[in-house]
Amino acid sequence: AQSVTQPDIHITVSEGASLELRCNYSYGATPYLFWYVQSPGQGLQLLLKYFSGDTLVQGIKGFEAEFKRSQSSFNLRKPSVHWSDAAEYFCAVGARSSGSARQLTFGSGTQLTVLP
Amino acid sequence: EAQVTQNPRYLITVTGKKLTVTCSQNMNHEYMSWYRQDPGLGLRQIYYSMNVEVTDKGDVPEGYKVSRKEKRNFPLILESPSPNQTSLYFCASSPSRTGKSDTQYFGPGTRLTVL
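If you read the protein sequences in the order shown, they are chains A and B.
Those letters in the first sequence? Residues 1 to 116, per our numbering, in order.
Those letters in the second sequence? Residues 1 to 115, per our numbering, in order.
Hints listed in this document are in silico derivations from the structure and should not be mistaken for laboratory results.
27 Å max Cα-Cα, derived DSS-like pairs, lysine-lysine:
{"#": "1", "chain 1": "B", "residue 1": "Lys17", "chain 2": "B", "residue 2": "Lys69"}
{"#": "2", "chain 1": "B", "residue 1": "Lys65", "chain 2": "B", "residue 2": "Lys18"}
{"#": "3", "chain 1": "A", "residue 1": "Lys49", "chain 2": "B", "residue 2": "Lys71"}
{"#": "4", "chain 1": "A", "residue 1": "Lys49", "chain 2": "B", "residue 2": "Lys57"}
{"#": "5", "chain 1": "B", "residue 1": "Lys57", "chain 2": "B", "residue 2": "Lys18"}
{"#": "6", "chain 1": "B", "residue 1": "Lys69", "chain 2": "B", "residue 2": "Lys18"}
Chain A stretches covered by chain B per the calculated footprint, using a threshold of three residues with CB under 8 Å from any CB of chain B:
{"#": "7", "region": "42-49"}
{"#": "8", "region": "107-115"}
Note that the Cβ used here is the ideal one computed from N, Cα and C, for glycine as well.
All chains should be built: construct the whole structure from the sequences, respecting the hints.
This is the structure we're talking about:
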């Protein structure tokens with residue numbers, strides 16, 4: 001079964017600073033990988049996804065993530081954080097096989113606080 | 001506008017009183033799913049459906065039922081709610097058939113409190 005670990009429960013950065021949110025996954029083959037963001041009181045919005053090809057994936061709002069197979073990681077990065085980026089971020093893994101494997105498994109989330 | 005809608009958005013109920021949370025999508029997606037979100041646990045899948053009349057259990061199905069009689073609707077039913085089902089619930093949908101279509105689109109959430 002697949003699993004996702006987000007080691008950082010809470011991260012605080014200053015506005016304008018760079019950001020990296022960690023995500024490690026466990027899966028027997030190359031998975032589908034996603035990052036979602038949840039603003040307070042809102043649903044989840046897809047930031048970016050990795051299915052295949054280039055391991056550096058660009059997403060919305062200036063975010064990017066890099067798939068590193070050797071480290072089983074899919075860390076999310078942003079070079080300069082804006083106050084509006086304060087939210088909770090979820091990494092998710094999806095299995096590639098057919099049948100019942102359209103499930104997504106989510107990490108427990110990382111809460112991002114942005115200081116002025 | 002393409003969207004997933006859930007109703008109600010907020011619900012307070014009492015133990016044992018049957019309730020239904022509706023979910024509807026207008027994107028003609030085949031795949032639909034229900035999750036619950038609890039602090040420190042992220043999102044956990046309750047049930048999912050790969051097509052009309054096809055449903056399957058997710059990671060935490062106990063105490064829940066679903067049905068998929070129409071493609072656009074996927075209601076979540078709590079026959080006898082208990083306080084441990086107090087949570088934030090999300091419905092999601094996704095186009096199916098190919099791997100590149102596995103992005104899931106989420107509804108706004110339903111906050112349920114069971115007293």
